[in-house]
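S.K.: As a plain string of letters, each chain reads:
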Amino acid sequence: MLVLKNLSKSYGQVSAVRDINVEISKGEFFCLLGPSGCGKTTILRMIAGFEKVTAGRILLDGNEITNDPPNRRDVNTVFQNYALFPNFNVTENIAYGLKIKKVPKAEQVERIESVIRLVGLGGFEKRMPANLSGGQQQRVALARALINQPRVLLLDEPLSALDKKIAEQTRNELSELQKKVGITFIFVTHNQTEALAMADRIAVMKDGVIEQCDPPKEIYERPLTRFVADFIGSMNFFEGIISGVDENGYTVNIPDLGPVTLSKKGSLPLGARVIYCMRPERQRISLMGPATYENGFTGIIRRKDYLGEITKFTVELSNGKIITVVAQNYLLQLSNEFYDIGEQIFVTWSKTSGEVIHAR
Amino acid sequence: MPGKIREQYILLVPPAFWLIVFFIIPLFIVVGYSLSLTGTDGVISLRFTLEHYLVSFRGMYLTIFLKSLLYAVITTLLTLAIAFPMAYYMAFTTPRMKMLLMFLIILPFWTNFLIRMYSIMTLLGESGLINSALMATGIINEPLALMHNSLGMYIGFIYWNLPFMVLPIFSSLDRMDLSLLEASLDLGASRRQTFWRITFPYSVAGLVAGIVFTFIPTLGNFVIPEFLGGSDNLMIGNVITAQYLQVRNWPFGSALSTLLMLVVMVFISLYIRFFDPTKSKSMVSF
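Protein sequence lines, in the order shown, are assigned to chains L and E.
Taking this note's numbering, I'd label the letters of the first sequence as residues 2 to 361.
Taking this note's numbering, I'd label the letters of the second sequence as residues 24 to 309.
Accuracy of the hints is not assured; some may be wrong.
Label-pair ranges, simulated between beta-carbon atoms [to be verified]:
1. L/Lys6 to E/Trp133: 42 to 48 Å
2. E/Leu130 to L/Asp208: 42 to 48 Å
3. E/Leu130 to L/Pro36: 42 to 48 Å
4. E/Leu201 to L/Ser26: 28 to 34 Å
5. E/Leu92 to L/Asn68: 35 to 41 Å
6. E/Leu92 to L/Ile167: 53 to 59 Å
FYI, nobody ran anything at the bench for these hints, they're computed from the structure.
Note that beta-carbon positions come from the ideal geometry of N, C-alpha and C, so glycine has one too.
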């Protein structure tokens with residue numbers, strides 16, 4: 002288990018990471034997600050030992066490693082640019098850690114063979130890094146780290162240098178590989194899709210602070226802050242006031258638009274100022290209001306973007322507020338529903354699909 | 024496209040002309056002289072002889088030749104020992120500092136070589152800056168002999184060669200990705216192991232180039248031993264100059280020059296054989 006306790010890092014007066022508290026269990030696929038400059042890489046580099054910790058502690062399986070040099074930590078890194086040694090071939094790169102630790106030759110050969118098989122690099126043993134594709138280099142970097150059987154593997158945006166198709170394929174392989182080897186993975190990325198697809202738990206970061214640390218589904222469906230709601234996927238936001246609380250959930254009054262209901266229990270008091278948010282893909286467009294609906298507003302379509310799988314509608318509500326609504330093209334075609342720019346429409350959604358965030 | 028190729032050959036004419044007139048022809052003249060008899064009053068008669076070469080291999084001259092090699096080797100090693108840490112620091116410091124140090128290293132090139140030699144003499148002399156400062160502070164009572172001996176010669180050589188050693192090493196280390204060092208530490212190597220396994224091999228191409236740029240000019244240099252060396256710090260370059268300008272035995276001077284050239288060519292051939300500088304991509308070939 003890796004524990005970060007009140008971990009902080011500052012460069013002079015500038016604080017890069019503030020008061021991070023996380024416990025990452027053995028075998029967990031943990032993801033640090035955030036925009037560039039949020040401090041995610043700094044945390045990774047502190048765990049690896051490349052950055053001095055300003056305050057706080059790092060504990061690995063109960064042992065304090067806060068001030069240990071990188072070569073004394075049972076932690077290995079897959080670097081963003083892979084950092085393969087250019088003068089060593091694939092096997093020599095992979096063998097580096099074992100050679101340093103003076104592992105017996107026979108065992109070295111055996112372990113190299115098995116890790117090469119594991120990452121699927123058979124046939125490339127004698128190639129130089131310069132003669133490998135990005136995806137292959139990434140595998141070498143992974144093999145070079147995994148062969149040391151570290152307690153924690155740190156991955157610094159390892160897919161960002163690959164093109165989309167390869168990155169997607171590697172993503173799947175990586176998550177299968179992690180299950181197979183059972184090593185704790187800490188994965189840094191700014192790509193929410195990668196995080197959602199692979200992680201057991203995601204820590205969403207902003208300005209050096211973890212905003213929310215939860216499993217992907219929680220992060221997506223129950224964002225705790227406006228930043229998290231906005232950063233993951235897309236979201237429509239309304240400022241409102243809690244106008245009713247009962248055993249079924251809240252009623253939120255949105256000025257100029259009217260009340261919306263949502264089935265969520267919580268501790269928000271009556272009259273609390275909140276941000277009501279809902280996902281564009283959870284809303285439905287119709288020409289007239291359905292006979293029964295739970296929540297709904299009228300609006301006019303201002304823009305329509307056909308994106309293949311989906312169509313994105315930009316809708317102006319009756320109070321002038323602009324929201325986004327997304328519809329599956331397959332469903333639109335199936336029900337023979339087509340909407341045009343300028344049309345007056347009705348947007349409806351269920352009370353299970355909204356979320357409120359306490360406005361501060 | 025034969026027309027294109029012909030145009031490219033036309034471009035080669037001016038440098039070829041230059042090299043033939045000012046390099047190849049003089050070279051043949053020197054070799055020719057070295058095989059000619061010296062007449063009385065230094066008149067060269069074009070009669071074939073190997074006498075000058077036989078004399079070259081006799082006692083004194085052979086000793087001076089070997090001594091020159093030794094001086095050049097020691098100079099190269101000392102320069103390397105000073106230049107490597109400098110280049111290493113330069114390669115891994117901040118970009119601003121890098122620019123500043125680069126500027127400081129190139130700065131002496133804007134001053135005439137002789138002026139620089141005289142400046143060094145004013146530094147090292149008996150009443151020079153260093154001795155006066157040390158005596159004024161009472162660290163020493165008598166001036167140190169900093170020049171007109173081997174020490175002075177080596178100081179001069181190292182000073183002169185330093186940029187030629189620092190710059191190639193710097194340029195090869197500068198290309199190195201810092202994350203390689205982190206990767207090595209990450210994989211369990213100590214700083215020392217990282218240096219010998221990753222950093223040093225990376226620097227070898229520049230290091231060898233630096234050695235060539237230092238060793239070969241030092242071997243043929245005659246100005247620095249003259250200015251800063253002692254009476255026994257005679258190098259082959261000094262002997263050649265003396266044969267041409269004072270003794271006026273041009274054929275013998277030519278023979279020594281030809282021999283020096285052959286020695287240098289052996290070293291350069293070895294360099295090209297093992298570290299082909301035209302293959303810029305080949306970083307290390309152990």
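S.K.: It remains to establish, for every hint, whether it holds in the given structure.
M.R.: Now for the hints, and whether the structure bears them out:
no.: 1; hint: L/Lys6 to E/Trp133: 42 to 48 Å; verdict: violated (57 Å)
no.: 2; hint: E/Leu130 to L/Asp208: 42 to 48 Å; verdict: holds (45 Å)
no.: 3; hint: E/Leu130 to L/Pro36: 42 to 48 Å; verdict: holds (44 Å)
no.: 4; hint: E/Leu201 to L/Ser26: 28 to 34 Å; verdict: holds (33 Å)
no.: 5; hint: E/Leu92 to L/Asn68: 35 to 41 Å; verdict: violated (51 Å)
no.: 6; hint: E/Leu92 to L/Ile167: 53 to 59 Å; verdict: holds (57 Å)
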